[in-house]
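K.L.:
Sequence:
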Amino acid sequence: MGGNNMPGPLEGIRVVDLSRVVVGPYCTMVLGDMGADVIKIEIPGKGDETRMWGPPFAGGESAYYISLNKDKRSLTLNFKKEKGKAVLRQLIAQSDVLVENYRLGTLDKLGFGYESVKEINPRLIYCSITGYGNTGPMSHVAGVDIVVAAEAGLIGITGEKDRPPSKVGVAITDILTALFAQGAIANALYHREKTGSGQKIDLSLFESQVATLFNLSSTYLISGEIPQRMGLAHATIVPYQG
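Heads up: the sequence shown runs through residues 404 to 645, numbered per the working numbering.
Calculated from the structure, these hints are not laboratory results. Careful, some of the hints might be misleading.
Stated by the list, open to error - Here are the simulated lysine-lysine pairs, DSS-like style, with alpha carbons at most 25 Å apart:
1) K473 / K484
2) K484 / K512
3) K512 / K473
4) K597 / K570
5) K475 / K597
6) K475 / K488
7) K449 / K475
8) K521 / K483
9) K512 / K488
10) K488 / K597
11) K564 / K603
12) K521 / K473
13) K449 / K483
14) K486 / K449
15) K597 / K564
16) K521 / K603
17) K603 / K570
18) K473 / K449
19) K512 / K603
20) K512 / K483
21) K603 / K483
22) K484 / K449
23) K521 / K449
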């Protein structure tokens with residue numbers, strides 16, 4: 404890959420990253436890989452929790468944090484206070500995308516929900532990532548990767564048939580939701596290019612995880628059979644019986 408100095412497809416796009424932990428930062432990491440200028444906003448005196456997810460550490464930062472936040476610019480900002488709010492408003496006015504994964508209603512209380520933000524910048528793409536979406540009976544429940552993976556059915560089909568369920572070795576629900584978010588943002592930017600209008604993206608961990616079980620959902624609706632754990636085997640194709 405060395406020597407390739409071609410600009411990425413998102414060169415010139417600025418992203419305000421208000422997210423933390425895995426799902427949001429993974430999304431903005433991919434946007435950065437595509438050439439976007441990502442500005443990560445962190446809480447003064449605390450920062451993103453993943454900074455301390457170690458060992459190992461390099462320069463006082465965990466490998467986990469470094470891998471998720473490479474190539475991003477970063478600043479600390481207390482946007483609960485008016486001075487910080489003013490800085491964030493100015494930054495939003497000059498940006499193309501905002502990504503956040505706060506619990507539903509948190510940013511609205513601070514004056515940075517979508518309805519408020521679109522008054523600052525009508526062309527902004529506002530991506531809200533929550534556990535269970537912005538509407539519905541569980542919309543105010545915080546989403547955690549392993550909990551959502553269990554509720555959506557992934558953990559129930561993972562592992563050996565006669566053993567307890569197993570979790571996947573990485574935060575797969577967070578990661579795949581982040582990739583859905585990145586794709587949705589790219590589509591929203593294309594839509595803006597044609598119409599001039601920004602929009603809000605409402606993405607949930609639960610819906611994203613369920614979407615990956617598409618064939619199992621169809622199998623159940625057609626046969627009535629509940630999918631089972633099969634280890635390394637596969638219900639319909641070879642050579643997965645190993």
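K.L.:
Return the numbers of the hints above that this structure violates; sort them in rising order.
P.N.:
The structure breaks hints 1, 3, 4, 5, 10, 11, 12, 15, 17 and 23; every other hint is satisfied.
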